[in-house]
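First to last, the sequence lines map onto chains A and B.
Going by my numbering, the first sequence wraps up at 775, each residue one higher than the last.
Going by my numbering, the second sequence wraps up at 171, each residue one higher than the last.
Straight-line Cα separation of at most 25 Å, SDA-like style, residue types lysine to any residue; simulated pairs: (1) A:K691 / B:A145; (2) A:K765 / A:L678; (3) A:K618 / B:A163; (4) B:K88 / A:M594; (5) B:K77 / A:E706.
If you want the footprint, here are the derived chain B segments under chain A, 3+ residues with CB under 8 Å: (6) 106–112; (7) 137–149.
Every beta carbon over 12 Å from chain A, so not counted as near; a handful from chain B, in silico: (8) R35; (9) L66; (10) C68; (11) D71; (12) Q72; (13) A75; (14) S86; (15) G118; (16) F154; (17) E164; (18) L169.
Quick caveat, the hints were computed from the structure, so don't treat them as lab data.
Here the structure is a predicted model, which means the values were calculated and not measured.
We treat Cβ as the ideally placed atom computed from N, Cα and C, and that holds for glycine.
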Amino acid sequence: MAHINVPEGVPGIRSLVMFRPETGKYLYELAQELLRGESPLSQAERELIAAYVSKRNDCLFCMSSHAAAARCLYQSDEAIVDEVLKDMSSAAISDKMKALLNIAGKVQILGKEVTKEDIDLAKQEGATDKELHDTVLIAAAFCMFNRYVDGLASFTPTDPEVYKEMGKHMVKGYNLPPKQTS
Amino acid sequence: MEYRPETAAPLNGLAEILLRSDDNSLSRGERELIGTYVSYLNDCFFCQNVHGALAGHYLQCDIDQIDAIKANFNTTDLSAKMKALLSIAASVQQGGKNVTAGQIEQAKTIGASDKEIHDTVLISAAFCMFNRYVDGLATGSPQDRQFYVNRAQQRAEDGYLLLR
Numbered sequence: 594m595a596h597i598n599v600p601e602g603v604p605g606i607r608s609l610v611m612f613r614p615e616t617g618k619y620l621y622e623l624a625q626e627l628l629r630g631e632s633p634l635s636q637a638e639r640e641l642i643a644a645y646v647s648k649r650n651d652c653l654f655c656m657s658s659h660a661a662a663a664r665c666l667y668q669s670d671e672a673i674v675d676e677v678l679k680d681m682s683s684a685a686i687s688d689k690m691k692a693l694l695n696i697a698g699k700v701q702i703l704g705k706e707v708t709k710e711d712i713d714l715a716k717q718e719g720a721t722d723k724e725l726h727d728t729v730l731i732a733a734a735f736c737m738f739n740r741y742v743d744g745l746a747s748f749t750p751t752d753p754e755v756y757k758e759m760g761k762h763m764v765k766g767y768n769l770p771p772k773q774t775s
Numbered sequence: 008m009e010y011r012p013e014t015a016a017p018l019n020g021l022a023e024i025l026l027r028s029d030d031n032s033l034s035r036g037e038r039e040l041i042g043t044y045v046s047y048l049n050d051c052f053f054c055q056n057v058h059g060a061l062a063g064h065y066l067q068c069d070i071d072q073i074d075a076i077k078a079n080f081n082t083t084d085l086s087a088k089m090k091a092l093l094s095i096a097a098s099v100q101q102g103g104k105n106v107t108a109g110q111i112e113q114a115k116t117i118g119a120s121d122k123e124i125h126d127t128v129l130i131s132a133a134f135c136m137f138n139r140y141v142d143g144l145a146t147g148s149p150q151d152r153q154f155y156v157n158r159a160q161q162r163a164e165d166g167y168l169l170l171r
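If we strip away everything but chain A, and leave its shape as in the complex, we get (with noise of 0.2 Å):
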């Protein structure tokens, strides 16, 4: 059960934005932004990084419905996202991705551990400036929802079918639910 009084039956985030839509708005926003706005890194690679944060984080929420998403966006080679959830270092994706959920993978520890090193390595892998600055935000953004989902205890589906639905929706756009009612 959650720790505030939201709807029930509600899963993760949409349950909290139908509480409190005057802060959820601008966490969709965000999300809406992050994910699915104009960035040098593809969508699928996007929800990549936030389904790898995630799991880190141990948010199975968060890592479940962003995982999903990436399936959806990547198609024939979905298996890529179980395989980076698993061991990124081995996965079969780029090595300018490695390099990218490295840095991701620092900043959710926190801000100071991503170094020059981390850095460089990136941009001689061929990362630009704006890739950088979407895999930092997306990670730090990724810490925020992680902790508000598990923070206020909302409720956690566990059936995979429930979570390639929410990623199909997910695939479409965030758009913010109505307002609970009661």
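Based on the hints, put chain B in the right spot on chain A.
Then chain B, alone, in the frame of chain A:
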């Protein structure tokens, strides 16, 4: 923020409503205090000084008093409710699952509302983002703490939406 205005807009909007809206039973000073405390735990110099100075401005205390609260809030004369909420904030900083039912129960017993608990968790979570964004990209920041104190009043008046 200037580098990426499209993401700056929701970030600033979130800061404005969370920290500055007066439609909130927690005062601006109390909310800025949660922000500076979490930033202190995350060792983010820039954020803890910007928000520490703002907290000091609203609560009418100086840097030393804010530092004392950050170092050991339980021994200060903050309200029981604020102490309970800062405990929750400290747990959120570690991880969402670190917040215990006991901490929530205690806060509610002392009189914290669902909305106050929600905002405490969201402010804490948001600062875990802001701190990582600022430090992860190694943005430069003035090292003189008085700089932040001097700007606090103007910042309090301007709010977060004027940030570019």
